[in-house]
Amino acid sequence: MSAASPAARIADWDQDGLDTDEMVVNMGPQHPATHGVLRLELRTDGEIVRAARPHIGYLHRCFEKHAENVDYPGVLPYADRMDYVAAMGNTLGFALTVEKLCGIEVSPYVQTIRVLMAELQRIASHAVAVGTYTMDIGAFTPFLHLLRDREKILDLFEWTCGARLLYNYNWVGGVSHDLAEGFVRATRDFLREFDSVTFPELLDLIIHNRIFVKRIADVGVCPLELAISHDLTGPNLRGSGVARDLRKDFPYSGYESYAFDVCVGQGQYGPKGSCFDRNWVRVAEMRESSKIVHQALDRLEKLEKTDVHEKVPKRVKPPKGEVYCRSEAPRGQLGYYLVSDGNVNPYRVKVKSPCFTAMSVFHHLAKGMMIADVIALIGSLDIVLGEIDR
Amino acid sequence: MTQWLKDVWFGFFTVLVGMRITWRHLFTRSVTLQYPSVKWPLPPKSRMRLFMNYEDCIGCGQCVRACPVACISLKTEKRPADAPPIWAASGQAIKLDVSVFDIDMSLCCYCNLCTYPCPTFCLYMTPDYEFATGNLTEHLYRFAKKDAQFLMEDPKKRAAPAEAPPVAPQNPPASPAGA
Amino acid sequence: MDATYAFLVGLVPEIAGWPAWAIVLLSAGLPALVLFHFMALTPLVYVYGERKIAAFMQDRLGPMRVGPYGVLQTIADAIKLLFKEAIFPRGVDRKLFVTAPLLVNVGAFLPFVVIPWGARLQPADLNVGVFYVSAISAISTVGLIMAGWASNNKYALFGAMRSAAQIVSYEIPSLLIILVPVMIVGSLSLQDLTLAQNGGLSYWFLFRYFPIMPIAFVCFFVAALAETNRAPFDIPEAESELVAGFHTEYSGFFFSLFFLAEYTEMFVVSAVMSVLFLGGYLAPLPALQQIGPLPMGWFWLWFKAWSLVFVMMWLRWTLPRSRVDQLMYIAWKVLLPIALVLVVLVGGLVLWPVTANGFPWDRYVGWPLTLALVGFLLVVMIRALRWNRRRAGELAYPGGASTAGQVAR
Amino acid sequence: MDAQAIHAALVTRFGERITGSALEAGSPFAIVATDAIAEVAAFCKADPALALDNLMCLSGVDYPKETPPRMEVVYHLFSYRQLHTFALKVQVPRENPAVPTVEGVWGVANWHEREAWDLFGIVFTGHSDMRRILLPDDWEGHPLRKDWQDPEYYNGLHVKPTPQMMERVLTGETLGVGPFDFTPENRHVEEP
Numbered sequence: 213m214s215a216a217s218p219a220a221r222i223a224d225w226d227q228d229g230l231d232t233d234e235m236v237v238n239m240g241p242q243h244p245a246t247h248g249v250l251r252l253e254l255r256t257d258g259e260i261v262r263a264a265r266p267h268i269g270y271l272h273r274c275f276e277k278h279a280e281n282v283d284y285p286g287v288l289p290y291a292d293r294m295d296y297v298a299a300m301g302n303t304l305g306f307a308l309t310v311e312k313l314c315g316i317e318v319s320p321y322v323q324t325i326r327v328l329m330a331e332l333q334r335i336a337s338h339a340v341a342v343g344t345y346t347m348d349i350g351a352f353t354p355f356l357h358l359l360r361d362r363e364k365i366l367d368l369f370e371w372t373c374g375a376r377l378l379y380n381y382n383w384v385g386g387v388s389h390d391l392a393e394g395f396v397r398a399t400r401d402f403l404r405e406f407d408s409v410t411f412p413e414l415l416d417l418i419i420h421n422r423i424f425v426k427r428i429a430d431v432g433v434c435p436l437e438l439a440i441s442h443d444l445t446g447p448n449l450r451g452s453g454v455a456r457d458l459r460k461d462f463p464y465s466g467y468e469s470y471a472f473d474v475c476v477g478q479g480q481y482g483p484k485g486s487c488f489d490r491n492w493v494r495v496a497e498m499r500e501s502s503k504i505v506h507q508a509l510d511r512l513e514k515l516e517k518t519d520v521h522e523k524v525p526k527r528v529k530p531p532k533g534e535v536y537c538r539s540e541a542p543r544g545q546l547g548y549y550l551v552s553d554g555n556v557n558p559y560r561v562k563v564k565s566p567c568f569t570a571m572s573v574f575h576h577l578a579k580g581m582m583i584a585d586v587i588a589l590i591g592s593l594d595i596v597l598g599e600i601d602r
Numbered sequence: 058m059t060q061w062l063k064d065v066w067f068g069f070f071t072v073l074v075g076m077r078i079t080w081r082h083l084f085t086r087s088v089t090l091q092y093p094s095v096k097w098p099l100p101p102k103s104r105m106r107l108f109m110n111y112e113d114c115i116g117c118g119q120c121v122r123a124c125p126v127a128c129i130s131l132k133t134e135k136r137p138a139d140a141p142p143i144w145a146a147s148g149q150a151i152k153l154d155v156s157v158f159d160i161d162m163s164l165c166c167y168c169n170l171c172t173y174p175c176p177t178f179c180l181y182m183t184p185d186y187e188f189a190t191g192n193l194t195e196h197l198y199r200f201a202k203k204d205a206q207f208l209m210e211d212p213k214k215r216a217a218p219a220e221a222p223p224v225a226p227q228n229p230p231a232s233p234a235g236a
Numbered sequence: 140m141d142a143t144y145a146f147l148v149g150l151v152p153e154i155a156g157w158p159a160w161a162i163v164l165l166s167a168g169l170p171a172l173v174l175f176h177f178m179a180l181t182p183l184v185y186v187y188g189e190r191k192i193a194a195f196m197q198d199r200l201g202p203m204r205v206g207p208y209g210v211l212q213t214i215a216d217a218i219k220l221l222f223k224e225a226i227f228p229r230g231v232d233r234k235l236f237v238t239a240p241l242l243v244n245v246g247a248f249l250p251f252v253v254i255p256w257g258a259r260l261q262p263a264d265l266n267v268g269v270f271y272v273s274a275i276s277a278i279s280t281v282g283l284i285m286a287g288w289a290s291n292n293k294y295a296l297f298g299a300m301r302s303a304a305q306i307v308s309y310e311i312p313s314l315l316i317i318l319v320p321v322m323i324v325g326s327l328s329l330q331d332l333t334l335a336q337n338g339g340l341s342y343w344f345l346f347r348y349f350p351i352m353p354i355a356f357v358c359f360f361v362a363a364l365a366e367t368n369r370a371p372f373d374i375p376e377a378e379s380e381l382v383a384g385f386h387t388e389y390s391g392f393f394f395s396l397f398f399l400a401e402y403t404e405m406f407v408v409s410a411v412m413s414v415l416f417l418g419g420y421l422a423p424l425p426a427l428q429q430i431g432p433l434p435m436g437w438f439w440l441w442f443k444a445w446s447l448v449f450v451m452m453w454l455r456w457t458l459p460r461s462r463v464d465q466l467m468y469i470a471w472k473v474l475l476p477i478a479l480v481l482v483v484l485v486g487g488l489v490l491w492p493v494t495a496n497g498f499p500w501d502r503y504v505g506w507p508l509t510l511a512l513v514g515f516l517l518v519v520m521i522r523a524l525r526w527n528r529r530r531a532g533e534l535a536y537p538g539g540a541s542t543a544g545q546v547a548r
Numbered sequence: 091m092d093a094q095a096i097h098a099a100l101v102t103r104f105g106e107r108i109t110g111s112a113l114e115a116g117s118p119f120a121i122v123a124t125d126a127i128a129e130v131a132a133f134c135k136a137d138p139a140l141a142l143d144n145l146m147c148l149s150g151v152d153y154p155k156e157t158p159p160r161m162e163v164v165y166h167l168f169s170y171r172q173l174h175t176f177a178l179k180v181q182v183p184r185e186n187p188a189v190p191t192v193e194g195v196w197g198v199a200n201w202h203e204r205e206a207w208d209l210f211g212i213v214f215t216g217h218s219d220m221r222r223i224l225l226p227d228d229w230e231g232h233p234l235r236k237d238w239q240d241p242e243y244y245n246g247l248h249v250k251p252t253p254q255m256m257e258r259v260l261t262g263e264t265l266g267v268g269p270f271d272f273t274p275e276n277r278h279v280e281e282p
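Residue numbers (the numbering used here), protein chains in the order written: chain A, 213 to 602; chain B, 58 to 236; chain C, 140 to 548; chain D, 91 to 282.
Hints are supplied without guarantee of correctness; some may be wrong.
Within a straight-line C-alpha distance of at most 27 Å, the following computed DSSO-like cross-link-like pairs (lysine-lysine) qualify [claimed, not checked]:
(1) A:Lys517 with B:Lys102
(2) D:Lys155 with A:Lys460
(3) B:Lys135 with B:Lys203
(4) A:Lys526 with B:Lys102
(5) D:Lys179 with D:Lys135
(6) D:Lys135 with A:Lys532
(7) D:Lys155 with A:Lys529
(8) A:Lys579 with C:Lys223
(9) A:Lys503 with A:Lys460
(10) A:Lys484 with B:Lys63
(11) B:Lys63 with C:Lys472
(12) A:Lys484 with D:Lys135
(13) A:Lys277 with A:Lys526
(14) D:Lys179 with D:Lys236
(15) A:Lys517 with D:Lys135
(16) C:Lys234 with C:Lys223
(17) C:Lys234 with C:Lys293
(18) A:Lys312 with A:Lys517
(19) A:Lys484 with A:Lys312
(20) D:Lys155 with A:Lys312
(21) D:Lys236 with D:Lys155
(22) B:Lys102 with A:Lys514
Derived from the structure by calculation, the hints contain no laboratory data.
All values reported here derive from a predicted model rather than from experimental measurement.
Okay, chain A solo, but in the shape it has when bound (with noise of 0.2 Å):
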């Protein structure tokens, strides 16, 4: 609103006669739907997005400058930090790249272990992600019913390592803790709860609604060079019809042992990359990740246990070198870029968060949206700002 007085307004008017002045709308650092501490700066033209420009860095906790003041252990517990949605996920990342750089070689147990962990997480962050979205869209009830499983998982996760949402689990190395008595068939139960019950039910409470559908189906569409340009990756990407999953093609920890499909947009009810189809590669990757689980468990039954401090260096002392590693995160490739001067400390730790390469997109999307659309489209890419910001 233009504190203009009501003569310079109307000698503002243009030849149409109508008053169609553009009105910036700042949506965040606060505010419902961005899922954090994300700014938002909208050109609107009543309900029309004619631009969107987003400020990020209000979590900046400068991640990359204290990985060069710790050791090789002490980074894991502020990897944890960045996607506190699926700390997991960070810690085997990094664990990943050091070993890759020091030679490192796990035993199988501790790889399954670590499958185990990390697909019980993608759950977890899934649930959320699907959750928070239906949320952003106005149905409160799928986000409680996703957020109670999520707590299930929680738990097991506090069960063995003793904290619920930064585990500092996977060690360079090995894995912080073993497997509880009766892990096995605890997380049996949850995933028998979860594949029959919770899981129908959310397609039917919200997926499949006309609503839910007919209000993302055609919103936000990512064609395939933009995503690709872009460099979005995991959900998002296969949202926009890419088969890419690094558990497939680049397998790692034994990924090429299981059985699973790589979930892909379908496209179902519009355009192929749309918010839907992100959104729908999440919710199916939930029950893929449970194929996992079940085999991992399988296999855990089987395997002989071994000591899991077993390789856990001493000191954690890699070789001079630089190493850059990728994983797939329960958000897409997280890929770390270690140089490593032969000391303690390393020498530069650079993330590629998959967050931040899906935000810079935003942008791109959001223009000619309605404002409702961009709630969407941020839920759709389901950013975590831990992680843009790290």
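Once you have looked at the hints, place chains B, C and D on chain A.
Below, chains B, C and D without anything else, positioned relative to chain A:
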């Protein structure tokens, strides 16, 4: 027209399907707890509050080096030669007097990295999680005691059953020494 | 007013001899006082009910602290809201800012004048009853726009604009559908509309002309949801988009007024719906109309309206929110054509010589279809109940230690 | 294609301007002359055999102790069509480092380059929007450089780092946020 009819019908029908699910949940048990009156028992591994057994500390400082956020501060001085010899419960002789052992729990990141290098298992996480205070300084736990009761004889020399050190003490006293 | 006067005279005959101004004051003021208190206090119950329903649908407990099962929670909240400071942000238009919630409440409360609670239990039986309700409840839109404009806040402005567009659009289909029962009865008075459905469940308009009236009911329900800004049409206050919409800047007492108005409007549209389709204060069985000396009309209207309010809450905790353009799509391209077709069909049936001369449409067409539908719904419900029991068992004994906590025990 | 083949393709196309390489290491890379990087990047993406259509990561690294002291920009590339990876490196002096932008080749480079400017002070010439991205606009300096000194105060806020804080702990001072100062000159007063 067909598409229109289909849209309207599916809109109506999926609403009914959703309503059926919420109707079912109206009668299921709630999964939440009334927190302060009903508490979820935490597993023994829970990493909540650090506790340090002052009598067992030999002042080696490995926890201080392991801590990534530098929340432990330790000051030691050499034990005088004429002082009576003392031992930790795990059998190491204590050669250093620990004059300061402070843990600032407001800085702690609960990563558990400090407890692993401890040679006498005297530093560990406890599952005690309710320690919110109105004053930040109350999170500074000063574990050094003036009137500590040290072991005055070598526990290794005692009977054989006492030899096994307590690896992970279950449910230790959770009260902080200082603050 | 006349009814109240007659009632009072029947009670205390001396009143007839009082001066005219006193009679007017008494016979108009007394029902106003009763109704106002009834309507101002029932939102407390609604809010508690809504929170509990939401909680149960989400497997939670809901408010449990204040009073047994948290029944006093909303009272505590109301007291808190009343004692909170009403903040006037810099730049608000104070006069409009204060007037807006009052105006919204005027629109919400005035329709009670014509709602019949019994054959004689009605503040005023206007002969333009339904029309009056629609016209008066549109006043609250003005209040919403004033609130959005006066707040000097962009989100509030968005909310106000959305609500204006929404309510203006949805007035049209809802009025057209009101025409349907009005055409059958031939009167706008709510009393006449109710009495035309006398005779029990099978005479309610919902079950007449089978495929037509249920569709009309559903369409009117959708329009009513939109007019009261309830989910899935709560876009004026969509909290994930517009923070809180038109009442973003309100706090304390003025905020509670918006709250009051929203819940009151819910009750109003539900009561109007009950009168139009569900027989108003008439009992489902004529025998239940009066239990002993106690007339039960008020109970039945209250019960029907609350059932509809419950469905509204049920929908709110089930459905996502639709978008502005889709809202307009539903109004103009779905509800309006359907309403037009229904008006033509019902008009035709009313005037068609065969039905007008007493062809029992309902007996040969309506009732078989109705019974089939009811049977289907019953089967669905029973299956849901059975499923519930199984699920409750699963939750109670989750097949061993499904969580860490149980193992720790 | 493996790293040798990619390197060979780059050398045949650009010759002298590929100034170095390390192909046997875990992550092979080629060093590219600074002014050629935009051209090399465009070639990498356009060439059907290379088809490096994805910029996975763009990092700055500071090497003050090398001779000569330098900064590096590392481009990690990936091909969705060929499924191979490669890395390019650009070496720039530590004083007034400037690198041509590759924003036009890979869209994601826009934000990555802003981040490198923000944290290392490397200017990307031709970049469309060279603003700070993670740090506030009025921040001074580029903190990921190795010679970075933590400022004592930022906009009046105390930002002393941890060691000093620990000293204060040991001396028994209050921790973290001190007692709030509500003296009139410190109070934020809104003008009417």
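Hints, verified against the model:
1. Annotation: proposed proximity of A:Lys517 to B:Lys102 holds, straight-line Cα distance about 20 Å (limit 27 Å).
2. Between D:Lys155 and A:Lys460, the direct Cα distance comes to roughly 41 Å. Violation of the 27 Å bound is thereby established for this hinted pair.
3. Distance check on the hinted pair: B:Lys135 and B:Lys203 sit about 16 Å apart at the alpha-carbon level, within 27 Å; holds.
4. Between the alpha carbons of A:Lys526 and B:Lys102 the distance comes to roughly 23 Å, so the proposed pair stays at or under 27 Å and holds.
5. Of the supplied pair hints, the one linking D:Lys179 and D:Lys135 holds, its CA atoms being roughly 16 Å apart against a limit of 27 Å.
6. Of the supplied pair hints, the one linking D:Lys135 and A:Lys532 is violated, its CA atoms being roughly 31 Å apart against a limit of 27 Å.
7. Taking the CA atoms of D:Lys155 and A:Lys529, the gap is near 20 Å; set against the 27 Å cutoff, the hint holds.
8. As the CA atoms of A:Lys579 and C:Lys223 are separated by approximately 41 Å, the hinted pair breaks the 27 Å bound.
9. With a C-alpha separation of about 15 Å, the suggested pair A:Lys503 and A:Lys460 falls inside the 27 Å cut-off, and the hint holds.
10. In summary, the hint linking A:Lys484 to B:Lys63 is supported, as the alpha carbons are separated by about 22 Å, within the 27 Å threshold.
11. Only pairs whose Cα atoms come within 27 Å are accepted, and B:Lys63 paired with C:Lys472 is accepted, the gap being roughly 14 Å.
12. For a cut-off of 27 Å, the pair hint linking A:Lys484 to D:Lys135 stands: about 24 Å separates their Cα positions.
13. The hinted pair formed by A:Lys277 and A:Lys526 meets the criterion: a straight-line CA distance of about 24 Å does not exceed 27 Å.
14. Distance check on the hinted pair: D:Lys179 and D:Lys236 sit about 19 Å apart at the alpha-carbon level, within 27 Å; holds.
15. Distance restraint check for A:Lys517 and D:Lys135: the Cα-Cα separation of roughly 47 Å exceeds the 27 Å cut-off, and the hinted pair is therefore not satisfied.
16. Simply put, C:Lys234 and C:Lys223 have alpha-carbon atoms about 20 Å apart, close enough for the 27 Å limit, and the pair holds.
17. Taking the CA atoms of C:Lys234 and C:Lys293, the gap is about 19 Å. The hint holds against a cut of 27 Å.
18. With a C-alpha separation of about 23 Å, the suggested pairing of A:Lys312 with A:Lys517 holds against the 27 Å cut-off.
19. Note on A:Lys484 and A:Lys312: the hinted pairing is violated, with a Cα-Cα distance of about 37 Å set against a maximum of 27 Å.
20. Distance restraint check for D:Lys155 and A:Lys312: the Cα-Cα separation of roughly 26 Å lies within the 27 Å cut-off, and the hinted pair is therefore satisfied.
21. A threshold of 27 Å between alpha carbons decides the hint, and for D:Lys236 with D:Lys155 the separation of about 9 Å falls inside it, so the pair holds.
22. For the suggested pair B:Lys102 and A:Lys514, the alpha carbons sit about 25 Å apart, so the restraint of at most 27 Å is met.
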